[in-house]
Amino acid sequence: MLTLLGLTTVGSIVYPLGRFLAPPGEKDKSKQISLKRSEIPAGEAKDIPFAGMPAMVINLPGRGFVAFSRVCSHLGCLVDYDKVRNRIFCPCHAAVFDLEGNVVTGPPPRPLQKLPLRVEGESIVIG
Amino acid sequence: MWAKIKNWLEIRIGLTELIQTQLTEYRVPKNINLFYTLGFVALVFFVLQVVTGFFLLFYYIPHSETAFRSVQEIMSTVPYGWLVRQMHVVGSTLMFVCVFLHFIAVFFMGGYKKPRELTWVVGTFMFFVTIVFCLSGYLLPWSQMSYWATTIATTMPTAFPYIGDMVGNLMKGSPQVSGLTLNRFFALHVTLLPLILVILIGLHLFLVRRIGISSPPFGRAEEAERPWKKYHHVSHPDGHPFYPDFVLKEVVMLMIFFALMFFIISFLPTLLLPEESNIAADPFKTPAHIKPEWYFLAPYQMLKIIPNKFLGISLQIILSLLFILWPFLDTKEEVNILKRRRLLAFFVLGVFLWVVFTIWGKVS
Amino acid sequence: MRYILPLFILLILPSVAQADWKEQFEKEFLTRPWAGVQVQRNVCIECHSSEMMKPEDRDIPRKWETSWHSQNGISCHNCHGGDPNDAENAMSPQRGYVGTPKPAQIPEFCGKCHAGILKNFLESGHGKALKTSGKGPNCVTCHGSHTVQKASIQIINEPLCTKCHSYGRVKEMRQALLLTENRMNEIEKSLKELKTEGVFTEEEDKSLFSTQAEFRILFHTEDVSLVKKRTDEFAHKLSSIQAKIQKTFEEIKFRKNFSAFLMMIFAGMAIGFGLLAKTPKE
Chain A
2 MLTLLGLTTV
12 GSIVYPLGRF
22 LAPPGEKDKS
32 KQISLKRSEI
42 PAGEAKDIPF
52 AGMPAMVINL
62 PGRGFVAFSR
72 VCSHLGCLVD
82 YDKVRNRIFC
92 PCHAAVFDLE
102 GNVVTGPPPR
112 PLQKLPLRVE
122 GESIVIG
Chain B
1040 MWAKIKNWLE
1050 IRIGLTELIQ
1060 TQLTEYRVPK
1070 NINLFYTLGF
1080 VALVFFVLQV
1090 VTGFFLLFYY
1100 IPHSETAFRS
1110 VQEIMSTVPY
1120 GWLVRQMHVV
1130 GSTLMFVCVF
1140 LHFIAVFFMG
1150 GYKKPRELTW
1160 VVGTFMFFVT
1170 IVFCLSGYLL
1180 PWSQMSYWAT
1190 TIATTMPTAF
1200 PYIGDMVGNL
1210 MKGSPQVSGL
1220 TLNRFFALHV
1230 TLLPLILVIL
1240 IGLHLFLVRR
1250 IGISSPPFGR
1260 AEEAERPWKK
1270 YHHVSHPDGH
1280 PFYPDFVLKE
1290 VVMLMIFFAL
1300 MFFIISFLPT
1310 LLLPEESNIA
1320 ADPFKTPAHI
1330 KPEWYFLAPY
1340 QMLKIIPNKF
1350 LGISLQIILS
1360 LLFILWPFLD
1370 TKEEVNILKR
1380 RRLLAFFVLG
1390 VFLWVVFTIW
1400 GKVS
Chain C
41 MRYILPLFIL
51 LILPSVAQAD
61 WKEQFEKEFL
71 TRPWAGVQVQ
81 RNVCIECHSS
91 EMMKPEDRDI
101 PRKWETSWHS
111 QNGISCHNCH
121 GGDPNDAENA
131 MSPQRGYVGT
141 PKPAQIPEFC
151 GKCHAGILKN
161 FLESGHGKAL
171 KTSGKGPNCV
181 TCHGSHTVQK
191 ASIQIINEPL
201 CTKCHSYGRV
211 KEMRQALLLT
221 ENRMNEIEKS
231 LKELKTEGVF
241 TEEEDKSLFS
251 TQAEFRILFH
261 TEDVSLVKKR
271 TDEFAHKLSS
281 IQAKIQKTFE
291 EIKFRKNFSA
301 FLMMIFAGMA
311 IGFGLLAKTP
321 KE
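Chains as they are written, first to last, in my numbering: chain A, 2 to 128; chain B, 1040 to 1403; chain C, 41 to 322.
Looking at chain A on its own, in the form it has when it is part of the complex (with noise of 0.2 Å):
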């Protein structure tokens, strides 16, 4: 009687050690999203959708490439690329991001989310 319980014991502590230690296994393709080079003409910026999250791609004129997530580190309200004044800006408490996602003026604590990016040819691939 003791032994079962004993054996369940060890049993629930086992298994469940074993999948917090666990790896989380292999980087998931499916959550890797490539696009052709020319979908974003210079200066543009395109949105995806990127592992459940709004993201966008900006074209830099003379700096490449560039992936953000577009949620605001502030409360989450989506920012947008302003080519005009090459900034990111959030429309709803006027945050202001840099091309490099750092925060400029507002309110956000924390620098925009940059996601990683790589060219392959002719192809972009984000994540």
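Worth flagging that the hints you see were computed from the coordinates, not collected in a lab.
Heads up, some of the hints might be wrong.
Stated by the list, open to error - Within a straight-line C-alpha distance of at most 30 Å, the following computed DSSO-like cross-link-like pairs (lysine-lysine) qualify: (1) C:K277 with A:K84; (2) C:K190 with C:K277; (3) C:K175 with A:K84; (4) C:K318 with A:K115; (5) B:K1069 with B:K1153; (6) C:K175 with C:K190; (7) C:K175 with C:K229; (8) B:K1045 with C:K318; (9) C:K142 with C:K152; (10) C:K229 with A:K84; (11) B:K1324 with C:K142; (12) C:K211 with A:K47; (13) A:K47 with C:K175; (14) B:K1401 with C:K229; (15) B:K1069 with C:K318; (16) B:K1324 with C:K246; (17) C:K235 with A:K47; (18) C:K284 with A:K47; (19) B:K1324 with C:K318; (20) B:K1324 with C:K268.
Given the structure of chain A, go ahead and fit chains B and C onto it with the hints provided.
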């Protein structure tokens, strides 16, 4: 098969004799009570803290910008991370409860008297190390609760003239609680304090075994231990065998405490993790009702009601010194507290005041 | 034991000498953040709630304290500029003080922060009316100024809107907004519940906020057909948030059950070992 292994060990380390002297023929007093198990339970809880803490280290990132998120990830993303973290949090409170009950029990049963003064003193240092453990560990999740409770705790020493500010700065590593504070608290919590506590535990256990377990002073006539003039190991030839009798008692108490821990985790998961613990630390915004963790409420409340900060801190220091040096202050030979009305009253008053201050600290 | 009392007395003397008792205690103790009471200096509020002010102006700080701005740490200088820490230069233009806006300039005043809404408002009938004839609603008309509260559908109501025109079109707009508004309120309630259960809901909070903001901005355009068109889109977003919340509630239940299971095991072991301990020895 089993016999073969036993024999292999026997001819190398004298296994049989070891089992006999340390377990089956090692005897505990006949009138031993359940309170004697608390030391063991506290030890197991410490080991639990080390184990859960170790596993938390796999996913926790000790930097002011990532600490909070890493803890939230442990709670929501890592499989069963919530269980490990809750065990660490609830375990720490229960360890403190255990240690506290153990201290009260030893005091009540006069276990600090000659020749056990050193055991008591080592025990008080273990208690203080436990307190520093709690203090340093509390900051690590870097939540609003952590940040501001630590601000309070590290501002208290500044009440001292001259050295106060220096002590405060030394603790924080910067004028205000910051990432530097997090780093040094982390270093303390994870390396130095465990090392110190393990050494103190070793010393404490050595003293307990070397001198011999005391008997509860109630009921049975105390053996002729007094007056203590020369070293001799206190043995209880007509007592219960340590193994299996007392070990079973210890295990039962341990299981009860574990069941209690899982009860709190299941039905009161927010008892020790209120809303502020789920909000990232914001140095510019003090939450409305910040309080230290429950075990610090009594000294905190005491400090609040004494209008003079310096007096308040001095009082705390005096009380701590009283606590450490108690065996040297109470040198009466009578061990049974029930026969010493004044001491009993002092004891009851002390515990009562502590409880009252804790509750007062919570509601005010 | 006998040294305690003298030691005590010895320490009282320098302590008494050190402190000027109550005043110093109050000043130092109560202004420390850890004393539980935060007393921050704000010269704007100090002057504007004092006897120097006209009675009707004296009420402003109190009104502000009831506002949603105040609860989110937005105070006088965030809108009016100036320096809240320096009494002499508090209202100096060099410190950014802009004073009180004229009614037609109010949208730009609030739009310093609420930029998205400003854009929509200026393109709407209300905005155009305000700018061309000077007669029209501005932000304060519906939201109040110092008493501004969290946005809700209650702001759109008959007594308010019929001050200037009939309620017919307003009703249509309100109808179009209502369903989504209700769902958003429901989600907000669920998120609050999750918070009390100790869950960290930042992602869902942000998702909801962004949806709410986008949705409410729409009202300022006064375009009912636009609202109706985009309601489905919003419903979709809200559904996915609700699905996540549902999953979280289920996860909480699982955790409770699992740890209760562990509790039962250990309780069983306690009983088992307890019984074993009580068995009479051979």
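So, going through the hints one by one against the coordinates:
no., hint, result
1, C:K277 with A:K84, "holds, 28 Å"
2, C:K190 with C:K277, "holds, 22 Å"
3, C:K175 with A:K84, "violated, 35 Å"
4, C:K318 with A:K115, "violated, 64 Å"
5, B:K1069 with B:K1153, "holds, 21 Å"
6, C:K175 with C:K190, "holds, 26 Å"
7, C:K175 with C:K229, "violated, 39 Å"
8, B:K1045 with C:K318, "holds, 29 Å"
9, C:K142 with C:K152, "holds, 15 Å"
10, C:K229 with A:K84, "violated, 38 Å"
11, B:K1324 with C:K142, "violated, 33 Å"
12, C:K211 with A:K47, "violated, 37 Å"
13, A:K47 with C:K175, "violated, 40 Å"
14, B:K1401 with C:K229, "holds, 28 Å"
15, B:K1069 with C:K318, "holds, 15 Å"
16, B:K1324 with C:K246, "holds, 20 Å"
17, C:K235 with A:K47, "violated, 35 Å"
18, C:K284 with A:K47, "holds, 27 Å"
19, B:K1324 with C:K318, "violated, 57 Å"
20, B:K1324 with C:K268, "violated, 40 Å"
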